[in-house]
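Protein chains: 2
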Amino acid sequence: MKKACDEMAHKDTFRGYGPYEGYEFLRNAIVAHDYQARGVNIAADEIFVSDGAKSDVAHFQELFSADARVALQDPVYPVYLDTNVMAGRSGAFANGQFAHVIYLPCTAENNFAPALPKEHADIVYLCSPNNPTGSVLTRAQLQTWVDWALEHKAIILFDSAYEAFITQPDLPHSIYEIAGAEKCAVEFRSFSKTAGFTGTRCAYCVVPKALKLTDGAGNTYSANDLWMRHQSTKFNGVSYPVQRGAEAFFSAEGQAQTRKAIDGYLANAKVILRALDQAGLMAYGGQNAPYIWLKTPQGVTSWDFFDKMLNGLQIVGTPGSGFGLSGEGYFRLTAFNSPEQTQKAAARIAAGLK
Amino acid sequence: MKKACDEMAHKDTFRGYGPYEGYEFLRNAIVAHDYQARGVNIAADEIFVSDGAKSDVAHFQELFSADARVALQDPVYPVYLDTNVMAGRSGAFANGQFAHVIYLPCTAENNFAPALPKEHADIVYLCSPNNPTGSVLTRAQLQTWVDWALEHKAIILFDSAYEAFITQPDLPHSIYEIAGAEKCAVEFRSFSKTAGFTGTRCAYCVVPKALKLTDGAGNTYSANDLWMRHQSTKFNGVSYPVQRGAEAFFSAEGQAQTRKAIDGYLANAKVILRALDQAGLMAYGGQNAPYIWLKTPQGVTSWDFFDKMLNGLQIVGTPGSGFGLSGEGYFRLTAFNSPEQTQKAAARIAAGLK
Numbered sequence: 378m379k380k381a382c383d384e385m386a387h388k389d390t391f392r393g394y395g396p397y398e399g400y401e402f403l404r405n406a407i408v409a410h411d412y413q414a415r416g417v418n419i420a421a422d423e424i425f426v427s428d429g430a431k432s433d434v435a436h437f438q439e440l441f442s443a444d445a446r447v448a449l450q451d452p453v454y455p456v457y458l459d460t461n462v463m464a465g466r467s468g469a470f471a472n473g474q475f476a477h478v479i480y481l482p483c484t485a486e487n488n489f490a491p492a493l494p495k496e497h498a499d500i501v502y503l504c505s506p507n508n509p510t511g512s513v514l515t516r517a518q519l520q521t522w523v524d525w526a527l528e529h530k531a532i533i534l535f536d537s538a539y540e541a542f543i544t545q546p547d548l549p550h551s552i553y554e555i556a557g558a559e560k561c562a563v564e565f566r567s568f569s570k571t572a573g574f575t576g577t578r579c580a581y582c583v584v585p586k587a588l589k590l591t592d593g594a595g596n597t598y599s600a601n602d603l604w605m606r607h608q609s610t611k612f613n614g615v616s617y618p619v620q621r622g623a624e625a626f627f628s629a630e631g632q633a634q635t636r637k638a639i640d641g642y643l644a645n646a647k648v649i650l651r652a653l654d655q656a657g658l659m660a661y662g663g664q665n666a667p668y669i670w671l672k673t674p675q676g677v678t679s680w681d682f683f684d685k686m687l688n689g690l691q692i693v694g695t696p697g698s699g700f701g702l703s704g705e706g707y708f709r710l711t712a713f714n715s716p717e718q719t720q721k722a723a724a725r726i727a728a729g730l731k
Numbered sequence: 378m379k380k381a382c383d384e385m386a387h388k389d390t391f392r393g394y395g396p397y398e399g400y401e402f403l404r405n406a407i408v409a410h411d412y413q414a415r416g417v418n419i420a421a422d423e424i425f426v427s428d429g430a431k432s433d434v435a436h437f438q439e440l441f442s443a444d445a446r447v448a449l450q451d452p453v454y455p456v457y458l459d460t461n462v463m464a465g466r467s468g469a470f471a472n473g474q475f476a477h478v479i480y481l482p483c484t485a486e487n488n489f490a491p492a493l494p495k496e497h498a499d500i501v502y503l504c505s506p507n508n509p510t511g512s513v514l515t516r517a518q519l520q521t522w523v524d525w526a527l528e529h530k531a532i533i534l535f536d537s538a539y540e541a542f543i544t545q546p547d548l549p550h551s552i553y554e555i556a557g558a559e560k561c562a563v564e565f566r567s568f569s570k571t572a573g574f575t576g577t578r579c580a581y582c583v584v585p586k587a588l589k590l591t592d593g594a595g596n597t598y599s600a601n602d603l604w605m606r607h608q609s610t611k612f613n614g615v616s617y618p619v620q621r622g623a624e625a626f627f628s629a630e631g632q633a634q635t636r637k638a639i640d641g642y643l644a645n646a647k648v649i650l651r652a653l654d655q656a657g658l659m660a661y662g663g664q665n666a667p668y669i670w671l672k673t674p675q676g677v678t679s680w681d682f683f684d685k686m687l688n689g690l691q692i693v694g695t696p697g698s699g700f701g702l703s704g705e706g707y708f709r710l711t712a713f714n715s716p717e718q719t720q721k722a723a724a725r726i727a728a729g730l731k
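Keeping their order, the protein sequence lines are chains H and D.
Positions in the first sequence are counted from 1; adding 377 to them yields the numbering used here.
Positions in the second sequence are counted from 1; adding 377 to them yields the numbering used here.
Rather than coming from a laboratory, the hints here were simulated on the basis of the structure.
Do not take every clue at face value.
Since copy identity is lost for identical chains, a pair holds within one copy or between any two.
[Claimed, not checked] Calculated pairs, DSS-like style, for lysine-lysine (alpha carbon to alpha carbon, straight line, at most 27 Å):
#1 LYS589 with LYS647
#2 LYS380 with LYS685
#3 LYS721 with LYS380
#4 LYS530 with LYS589
#5 LYS647 with LYS672
#6 LYS685 with LYS637
#7 LYS530 with LYS388
#8 LYS560 with LYS672
#9 LYS530 with LYS560
#10 LYS388 with LYS647
#11 LYS586 with LYS672
#12 LYS560 with LYS721
#13 LYS530 with LYS685
#14 LYS380 with LYS637
#15 LYS495 with LYS379
#16 LYS560 with LYS380
#17 LYS586 with LYS721
#18 LYS560 with LYS685
#19 LYS637 with LYS586
#20 LYS637 with LYS379
#21 LYS721 with LYS530
#22 LYS560 with LYS586
#23 LYS495 with LYS685
#24 LYS586 with LYS380
#25 LYS530 with LYS586
#26 LYS589 with LYS672
#27 LYS379 with LYS560
#28 LYS379 with LYS530
#29 LYS637 with LYS495
Note that this is a predicted model, so its numbers are computed, not measured.
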């Protein structure tokens, strides 16, 4: 990044407006490391570099009509729902839910795997590894979703921002590891959680050229063309030094450093899971995700548990009900801290919650 | 920026997610230099830092309903129109124009100053200094627009990305120099053209707390609150090193360097204007803007003139018709080149177009 800053300071190496979809050096690195290395056939012109997966996820719904039906996991990363509400696609709000949104409950009862919608849906948001539950969809589960989407002409918006945390070798990192996904799915990826880019800002999404969107009259359009049009009209690309920073993540040194950081977070997750077990609490996730999703004790709401953790143990977490109705009775902890702080918190949990 | 990159590499100075609206150090610098220094009363919590004025201008229309009437200058920066078309707000396209859009012709006949709309408009895009015509709205003209907007409950989206090019001391740099503007106007600013940030990406918009938006039932909402909600849901802020780069623009050294660059571009504009005069062509702008807007010779269309310039003189410019119907018969040249290249082009124009 510092080298890129120097380039920007000299006439011969200065770069003005870059490609809307990101520089080829970065898109090529993404394709090679995140797809070809896993045997997945994605091309550089199917990659769109952006300032954040949040921006991509928030804006992609603009390609759909106002009456498109949205299905999403419950609990869920709030941006999926909120942006559809803001687009006027959600219907009336009553009893904590929106009338036109299809909620797919993910609880301990179904092992946090959403069932296929009973009604027709045009758009389905799937997040795996999941925020907040820390669960991961298996290859077979994802194949079921892809087959369903192809049959029902639905589009899957697949958020795999946490794929780098997957430790089990048989779990899919990309939806394009599943046959047919290139015809029904868009994938969102981020450098935030994999490479500490939360404040540096870089991400990308994959819009396959085989993906077609169909309008009400049955006409089909290339989703790749439409997204390029969206990005070129509403965005001027990501800062050049930032794209060089993202490219460096794919270098041998970058891969080694970030692998070490992620392994550290996964070790933290183990420490937290052990403490919760010692405290007699049921907990999920943390093995292939940075999130630990714990069941609050019988009769204790998410917010009551929040107060208990904060005031009793001086530990901050996120009440599950903030992620949706099915999050009530759960609580999210994250592994994103130092080993020392994590050990300290774990000791308090193990001792204090007994 | 390099210092900020170093900070990101150390645990004690690392910065993760920043404020959605931008760091206070940058918003304070913007307020001090761009507003308070001109006697304009804008506060730091009315500033929203973004990755580009294009992004802000493209997304701000989302706060309005699908049936809001849009008025815009013709010719115009295409993003204003295109984003409203994409939002379904434009009506049917026929004879080169959209049925529900109110076009405000800006030609040599009205000295490139748009007349007030004859129909009701909810949103008016004004760009001053103007891209592509290079014209600037005077204080009196802008007061007329502000008074009209207040009377008709219209919102002015004021794009002043080129304000640093204003040389005449009596011309307004900000719409907030006009009485009442804080109740009817949003202002868009960019570091791209003032500080060479085209590839570095940083900009900001001003949404005054006094600005209210009214819904169909007559309820009013704070535009500042709505925009904060938009940004916090769909955006995660600008890269920290980039914000430090923008802050450096406001340092004494940054101001001196960028002033020198802008003065250089304005000198280029003079050279081009002189050459066009020698070639017997009418030309406008270039005095308070980086753009020169020339009238093509009688009977020569914008595209014919483009071919003539390209094939005859090896000079590339932009056909005026690309900016709207009223741009036909005009051609845009820019001052954004080196003095040497500009001199070379000017010599060809003066000699070749006679």
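Item to complete: If the cutoff is 27 Å on CA atoms, where do LYS380 and LYS637 land: within, between, both or neither? Let me know, please.
Response: both (24 Å within a copy, 25 Å between copies)
Worksheet item: Within a copy, between copies, both or neither: where do LYS586 and LYS672 come within 27 Å Cα-Cα?
Response: neither (42 Å within a copy, 43 Å between copies)
Worksheet entry | Alpha-carbon proximity between LYS388 and LYS647, which holds within one copy, between copies, both or neither at 27 Å | between (51 Å within a copy, 23 Å between copies)
Item to complete: First find the shortest C-alpha distance between LYS721 and LYS530 inside one copy, then the shortest across copies, and answer within, between, both or neither for a cut-off of 27 Å.
Response: neither (50 Å within a copy, 58 Å between copies)
Worksheet entry | 27 Å Cα threshold - placement of LYS685 relative to LYS380 | neither (48 Å within a copy, 41 Å between copies)
Practice prompt. Check LYS586 against LYS380 for me: Cα-Cα at most 27 Å, and say if that holds within a copy, between copies, both or neither.
Written response: Neither: 34 Å inside a copy, 41 Å across copies.
Fill in: Within, between, both or neither: LYS530, LYS685 at alpha-carbon 27 Å
neither (46 Å within a copy, 50 Å between copies)
Fill in: Alpha-carbon proximity context of LYS530 and LYS560, limit 27 Å
within (9 Å within a copy, 47 Å between copies)
Fill in: Intra- versus inter-copy proximity for LYS685 and LYS495 (alpha-carbon distance at most 27 Å)
neither (38 Å within a copy, 63 Å between copies)
Worksheet item: How would you label the pair LYS560, LYS586 (within, between, both, or neither) given a Cα cut-off of 27 Å?
Response: within (8 Å within a copy, 46 Å between copies)
Worksheet item: Given a CA cutoff of 27 Å, do LYS637 and LYS586 count as a within-copy pair, a between-copy pair, both, or neither?
Response: neither (35 Å within a copy, 46 Å between copies)
Discussion item. For LYS560 and LYS685, with the copy left unspecified, which applies at a CA distance of at most 27 Å: within, between, both, or neither?
Written reply: neither (47 Å within a copy, 46 Å between copies)
Hints 1, 2, 3, 6, 7, 8, 11, 12, 13, 15, 16, 17, 18, 19, 21, 23, 24, 26, 27, 28 and 29, counting from the list given before, are not met by this structure.
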